[in-house]
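**Student:** Use these hints to put chain Y onto chain A, whose structure you have.
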Amino acid sequence: MSKKTRSMSQAKKTANFFSYLVLIVLSVIWLVPIVWVILTSFRAETGTYTPYFFPKGYTLDNYKKLFTDTNQFYFAKWFANTFIVAVCSCLISTFYVLATSYVMSRLRFKMRKPLMNVALILGMFPGFMSMIAVYYILKGIGLTQSLVALVLVYSGGAGLGFYVAKGFFDTVPKAIDEAAWIDGATKWQVFTKLTIPLSKSIIVYTVLTSFMGPWLDYIFVSVIMGDNYDKYTVALGLFKMLEREFITQWFTRYAAGSVLVSIPIAALFICMQKYYVEGATGGAVKG
Amino acid sequence: MNKNSKIKSENVFKFIGRAFKEGDILTKLSFFIMGLSNLVRGQIIKGLIFLSMELGFIFYMVMAGVAGLSGLQNLGTKTQEQVVLSEPPYMKIVPGDNSMLMLLYGVVALFIIVAFFIAWKANVKAAFEAQKIKEKGGKLPSFIDDIKAHFDAKLHKSLLFFPMTGVLLFTVLPLVFMILIAFTNFDNAHQPPGNLFTWVGLANFKTVLFSGQTISKTFWPVFGWTIVWAIFATGLNYIFGMLLAMLINRKGVKFKGLWRTIFVLSIAVPQFVSLLIMKNMLADKGPINGMLESAGLISSYIPFLTQTMWARVTVLVVNLWIGVPYTMLITTGVLMNIPEDIYESAKIDGASPIAMFVKITLPYVLFVTGPYLIQQFIGNINNFNVIFLLSGGGPSSLDYYQAGKTDLLVTWLYKLTVNRKDYSFAATIGILVFVLSAVVSLIAYRRTSAYKSEEDFQ
Numbered sequence: 001m002s003k004k005t006r007s008m009s010q011a012k013k014t015a016n017f018f019s020y021l022v023l024i025v026l027s028v029i030w031l032v033p034i035v036w037v038i039l040t041s042f043r044a045e046t047g048t049y050t051p052y053f054f055p056k057g058y059t060l061d062n063y064k065k066l067f068t069d070t071n072q073f074y075f076a077k078w079f080a081n082t083f084i085v086a087v088c089s090c091l092i093s094t095f096y097v098l099a100t101s102y103v104m105s106r107l108r109f110k111m112r113k114p115l116m117n118v119a120l121i122l123g124m125f126p127g128f129m130s131m132i133a134v135y136y137i138l139k140g141i142g143l144t145q146s147l148v149a150l151v152l153v154y155s156g157g158a159g160l161g162f163y164v165a166k167g168f169f170d171t172v173p174k175a176i177d178e179a180a181w182i183d184g185a186t187k188w189q190v191f192t193k194l195t196i197p198l199s200k201s202i203i204v205y206t207v208l209t210s211f212m213g214p215w216l217d218y219i220f221v222s223v224i225m226g227d228n229y230d231k232y233t234v235a236l237g238l239f240k241m242l243e244r245e246f247i248t249q250w251f252t253r254y255a256a257g258s259v260l261v262s263i264p265i266a267a268l269f270i271c272m273q274k275y276y277v278e279g280a281t282g283g284a285v286k287g
Numbered sequence: 001m002n003k004n005s006k007i008k009s010e011n012v013f014k015f016i017g018r019a020f021k022e023g024d025i026l027t028k029l030s031f032f033i034m035g036l037s038n039l040v041r042g043q044i045i046k047g048l049i050f051l052s053m054e055l056g057f058i059f060y061m062v063m064a065g066v067a068g069l070s071g072l073q074n075l076g077t078k079t080q081e082q083v084v085l086s087e088p089p090y091m092k093i094v095p096g097d098n099s100m101l102m103l104l105y106g107v108v109a110l111f112i113i114v115a116f117f118i119a120w121k122a123n124v125k126a127a128f129e130a131q132k133i134k135e136k137g138g139k140l141p142s143f144i145d146d147i148k149a150h151f152d153a154k155l156h157k158s159l160l161f162f163p164m165t166g167v168l169l170f171t172v173l174p175l176v177f178m179i180l181i182a183f184t185n186f187d188n189a190h191q192p193p194g195n196l197f198t199w200v201g202l203a204n205f206k207t208v209l210f211s212g213q214t215i216s217k218t219f220w221p222v223f224g225w226t227i228v229w230a231i232f233a234t235g236l237n238y239i240f241g242m243l244l245a246m247l248i249n250r251k252g253v254k255f256k257g258l259w260r261t262i263f264v265l266s267i268a269v270p271q272f273v274s275l276l277i278m279k280n281m282l283a284d285k286g287p288i289n290g291m292l293e294s295a296g297l298i299s300s301y302i303p304f305l306t307q308t309m310w311a312r313v314t315v316l317v318v319n320l321w322i323g324v325p326y327t328m329l330i331t332t333g334v335l336m337n338i339p340e341d342i343y344e345s346a347k348i349d350g351a352s353p354i355a356m357f358v359k360i361t362l363p364y365v366l367f368v369t370g371p372y373l374i375q376q377f378i379g380n381i382n383n384f385n386v387i388f389l390l391s392g393g394g395p396s397s398l399d400y401y402q403a404g405k406t407d408l409l410v411t412w413l414y415k416l417t418v419n420r421k422d423y424s425f426a427a428t429i430g431i432l433v434f435v436l437s438a439v440v441s442l443i444a445y446r447r448t449s450a451y452k453s454e455e456d457f458q
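Here the protein sequences come in this chain order: A and Y. Counting with this note's numbering, you get residues 1 to 287 for the letters of the first sequence. Counting with this note's numbering, you get residues 1 to 458 for the letters of the second sequence.
Simulated crosslink set (DSBU-like; lysine-lysine; CA at most 35 Å straight-line):
{"id": "1", "chain 1": "A", "residue 1": "Lys110", "chain 2": "Y", "residue 2": "Lys28"}
{"id": "2", "chain 1": "Y", "residue 1": "Lys157", "chain 2": "A", "residue 2": "Lys193"}
{"id": "3", "chain 1": "A", "residue 1": "Lys174", "chain 2": "A", "residue 2": "Lys200"}
{"id": "4", "chain 1": "Y", "residue 1": "Lys134", "chain 2": "Y", "residue 2": "Lys121"}
{"id": "5", "chain 1": "Y", "residue 1": "Lys154", "chain 2": "Y", "residue 2": "Lys132"}
{"id": "6", "chain 1": "A", "residue 1": "Lys113", "chain 2": "Y", "residue 2": "Lys14"}
{"id": "7", "chain 1": "Y", "residue 1": "Lys347", "chain 2": "A", "residue 2": "Lys274"}
{"id": "8", "chain 1": "Y", "residue 1": "Lys132", "chain 2": "A", "residue 2": "Lys174"}
{"id": "9", "chain 1": "Y", "residue 1": "Lys405", "chain 2": "Y", "residue 2": "Lys217"}
{"id": "10", "chain 1": "Y", "residue 1": "Lys415", "chain 2": "Y", "residue 2": "Lys405"}
{"id": "11", "chain 1": "Y", "residue 1": "Lys415", "chain 2": "Y", "residue 2": "Lys279"}
{"id": "12", "chain 1": "A", "residue 1": "Lys240", "chain 2": "Y", "residue 2": "Lys217"}
{"id": "13", "chain 1": "A", "residue 1": "Lys193", "chain 2": "Y", "residue 2": "Lys121"}
{"id": "14", "chain 1": "Y", "residue 1": "Lys285", "chain 2": "A", "residue 2": "Lys240"}
{"id": "15", "chain 1": "Y", "residue 1": "Lys125", "chain 2": "Y", "residue 2": "Lys148"}
{"id": "16", "chain 1": "Y", "residue 1": "Lys92", "chain 2": "A", "residue 2": "Lys139"}
{"id": "17", "chain 1": "A", "residue 1": "Lys77", "chain 2": "A", "residue 2": "Lys240"}
{"id": "18", "chain 1": "Y", "residue 1": "Lys148", "chain 2": "A", "residue 2": "Lys113"}
{"id": "19", "chain 1": "Y", "residue 1": "Lys28", "chain 2": "Y", "residue 2": "Lys148"}
{"id": "20", "chain 1": "A", "residue 1": "Lys200", "chain 2": "Y", "residue 2": "Lys148"}
In case anyone wonders, no lab produced these hints; they're calculated from the structure.
With the rest of the complex left out, here is chain A:
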C-alpha cells in the first residue's frame, strides 16, 4: 500500500516537473519578442536588426532622440494627438454604446429586432471596404487631415458595437426597472439613476476599449492624414518609421516608441481581461 502511494506521488512529481518544464519553455517563447523589443530600445548600435540577441552596448539615447529629434517626426506631438482623439472618441462612443445597448436590451419597440439584425449584417462587411468612401465623405465636408475627422471615424459607427454591453444589461434583473416604473419613475430616470450606477463594470469596459482604439489603428488614420506628419497618431507614426527611407536611422527609436505606447495599453488590457472574457462568451463563462 505504502509502495503504491509512493509511486503515485513519484508519478505526480514527474508530471508536475514536465508541466513546469513545458510552461517555462512556452513562457520563454512568448516573452522573447517582447524582451527583444525592450532590449532593442536600449541598444547603442544603430541600424535595423543585429544577428545577435543581446546588444553590445546600452543607452537611453533612443528615448531622448525620440522626443528631441523633431525634424521629420514629432513623437511628443503624436502622443498628444492620439491622447486627444482617444479621449474625445471615447466619450462619444461610450455614450453611443451605452445608449444603444440599453435601448436594445430594455425597451421594446417595433423596430427593435429589425435594427438588431441590420447591425449584425452590417458587421459582416469587411471594414476596409468602405474606407475609401468614408474618406471621400470627409473630404466632401472639408474635414480630411484633421483630428476632428479621426474622432468622427472612430466614434461614428460605435453604436453598432452594442452586443457586449447589451449582454450585460440583459443580466440585470428587469424587476428592478419595473418596480421603479410603478413608483412613477420615467424611463430616462431609470436609465440614468438605476441602470448606469449598477453597470460600473460594463462602463469601464466600454470606456477602456474605445479609449484603446485610436492607439491601435494605423489604417484609417493613414488614409485620412496622408502625408500630414503633424496630425499623425502614434500607431501610424511608428509604422512610418519602418519605411525604407527611415528604418536604418529610426529602428531603435521605433522600439523605444513602441515600449512607451505598449506600457499603458498593456496595463489597461491586463486590468480589463476579466471583462473581455465575459464579453466574448456572452456571459456564459463565470470564471
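**Tutor:** Just chain Y, lined up with the frame of chain A:
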C-alpha cells in the same frame, strides 16, 4: 403594468391608408402641407417643425436633390477636356462631370428622401393623433409634454437618435456607396475627374469569378488560401489554447496568475508593435536566422517570409503566438466549470487521459464556446493585421494580380484600394467576403445549441 407591451403591429402603408380614410379635412391636408393639422389644432411648435422640414426638403430637392438623382442614371457624360488657348497659359482644363461625386450626391439624395419619408409618416401620425384626441374631447399634449415623452415612453427614439445618425453617416452611407461601386467600372483606368465611369451591371462579378483573366486566376487561389488559413488558424488556436489552459489549471501547478499574465502579455502589446517586431526577427538576415547560423544549425538562411510554403507556415505559427492566449483566457473559466465528479467516475471506469479529453472536456467546452468559435472563424477570414503586418501578403507572385501568396481576400482588397485604386474590384471582393461570412455564420448558428432565445436569460 408593463409600459412596453403596447406594440402596434399595423404596417406603415396600411396605417397611412387608414389615416387618409378616417382623417378629417385637416388631417388629409396634412398629407400635402406637413404640420397643418397640428398648427391649426394648437400644437404650434410641433406644426412649425414639420412645416420647416417640408420646406427644407423642397428647397434641397430643387437646389441639389433632383440633379443628384438624375446624375445616378448614367454617372456623367461630359469628360474633362484640355483646351488650347492662344495666350498664356496656353492650356486650360475644362472640368467635365465627376462620376464619383455624382454617385455620392445621388446616394445622399436617396438617403435624404428616405429620411423625409420617415418624417412625413411621423407627420401623418401626429396629424391623425391630434384629430383623434380632439374628437374624444381630450387636451392635446403641449410641446413641453412632447419633450417629456421623449424621456419616457419614447426614450428609445431619443437615445437612438445620435448613435443611429453616426452609423448612417459613417457606416451605412459609405457601405451603400461602395456596394454600388461594385456595379460600376470605377477602376484604375476610369479615375475621375480625368475619366468617367459608368454602370456595368454584374460584369465585375463575372470578371472576378469566371473570366479566366489574371484577376479571377488570383481570386480563386486567394479565396482557397483564405479558407485554409481560417480553418487552421481557428482550429490550431482553439486546441492549443485549450491545452494551455488545462496545463495551467492542473492541480500541481502553482502561480497560476503569473503564468496567465505572461501569456496575456502577448495580447496586451499592440499588434502593430509585436507583429512588426516578429517580422524583423524573422527577416532573411534577422536575428533568428543569425543565431541559428552562428549556432551552426543552418548553412544558409531560412526563408521564413520569402518562400510560399515557409511563409504560410510562419504566419500560422506566429498567429498561434497571438491567438493561443485568447483561447486560454476564454476557456479557463469554462474548464473550471466542468463538474469534477464526471472525471472521477471516468477515472474509475479506467478512461485514459486522452479519452477523457475527447469525450468529456472537448464536447463541454465546444458546447459553451460554440458561438465564440464561429466569431473566431469569421474574424480569421477578415484577419487583416496578422497578414498585413507580418508578411504584407508576400511573397509576391507574378501569376497574381496585385496579390501575394499569403494574401487573404481582405488584404488583397486593401491593396487593390490603396495601391491600385481598383475600387470596383475591391468592392466586388468586399461583397463576396460578406457573402462568405454570412453563409458561414448562418450555417453555424443554426447548428449551435448554445444559440438560445435571448429572452431566456432575462
